[in-house]
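Asks: Protein chains in written order, with our numbering: chain D, 1 to 133; chain Y, 1001 to 1169.
Since the hints were made in silico from the structure, they are not lab data.
A couple of the hints might just be wrong.
What follows is a list of derived Cβ distance ranges for each label pair [to be verified]: (1) Y:G1130 - D:G27: 23 to 33 Å; (2) Y:G1130 - D:P74: 50 to 60 Å; (3) Y:R1100 - D:S103: 42 to 52 Å; (4) D:E54 - Y:P1132: 32 to 42 Å; (5) D:P35 - Y:G1026: 29 to 39 Å; (6) Y:V1151 - D:S4: 35 to 45 Å; (7) Y:G1026 - D:S103: 27 to 37 Å; (8) D:D48 - Y:R1100: 35 to 45 Å; (9) Y:N1004 - D:P13: 33 to 43 Å; (10) Y:G1103 - D:S65: 24 to 34 Å; (11) D:P35 - Y:W1165: 43 to 53 Å; (12) D:P74 - Y:T1009: 43 to 53 Å; (13) Y:V1013 - D:N39: 40 to 50 Å; (14) D:D67 - Y:L1158: 47 to 57 Å.
Partial chain D-side listing against chain Y, Cβ under 8 Å, derived [stated by the list, open to error]: (15) T12; (16) Q49; (17) T53; (18) L55; (19) P56; (20) H98; (21) V110; (22) I117.
Which chain D residues stay away from chain Y? Per the calculated CB distances, all over 12 Å, these [unchecked claim]: (23) R8; (24) G38; (25) F40; (26) A59; (27) L60; (28) P69; (29) Q80; (30) A87; (31) D90; (32) P92; (33) S93; (34) T119; (35) D124.
Remember, predicted model here, so these are calculated numbers, not experimental data.
All residues carry an ideal CB built from backbone N, CA and C; glycine is no exception.
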Amino acid sequence: MRLSAAERLRPTPGDALVVLAVLAAAGLVFFLLLPKGGNFLTAQIVLDQEVVTELPLSALTGAVSFDVPGAAYPITVEAQPGRIRVAHSDCPSQDCVHTGWVSRAGGQIVCLPNRLIITVTGSDAPQADAVTG
Amino acid sequence: MRINVRRLTRCAVLAALALAISVCEGLVPLAVLVPLPGLRLGLANLVTVFALCRLSPGESFAILLARCLLGALVGGNLSALAYSLTGGVLAFLAMWLLLRLPGLSLFGVCIAGAAAHNTGQILAAMAVLGSPAPVVYLPPLLLAGVVTGAVTGGASILLVQRVPWGGEN
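Turn these sequences into a full structure, and let the hints guide you.
Replies: If you want it as structure tokens, here you go:
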């Protein structure tokens, strides 16, 4: 059977429609994922569908670094006030390390080989954590 | 699909070519330039497009399966099979369908194929993780797919036009 697409040498208006459809899909997913909530950041670390720990990033006063227990490939998470990253991982892909620092609500770090997800969510500041007067 | 030696040899050669391309591509990961998991140029897709244009759908699908399975074995990373297979099959279906639509060139077909491949990878990652988390990577991957799809689309036009291909038998 003859396929018309196989014979053409130049892009067609139909191609532009395909590009538009892909861009629209990307935009739609992006807007659906826009972070909600306040600016008090909390990081949740999930390993293999189980919550390992939750870190109140905005409430940290200094840097914290720790190994995630139970990870298939040893992985070190580093948190500083308001941001978090995977400082080191022995996983083959290194995507988690390359993601770098995440410092806004809705940000995520995924380490697929470890089945580890770090999710940063924003909320309104919890109970008055510092009341002076 | 009638098995004949000539057709079988063609499929074997194309599968070997696709495997070689995907292994070479793995040696120069685009992810070093842009830190986006799962990002690649998708040059091995050239072989799928070529097969879809010049061979039967069944043969093209067999070439795709052989490439994914052997690629996972050669790469020594069986867990990556889930991603390449889901992405590859979705891309195959999208391109097979769009090739039958009038008014498209191989640019559009390859861009849609790249988008379908990225979507498949993300779906597989969501299944492996049991969490919707990987969706955050979908929008940037789709944007990158428009660029990489256009590149492979241009290359596949040259390939399909220039590579001589003996008659049907």
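Asks: Can you give the numbers of the hints that this structure goes against, from lowest to highest?
Replies: 2, 4, 6, 10, 13, 17, 18, 19, 23, 32, 33 and 34
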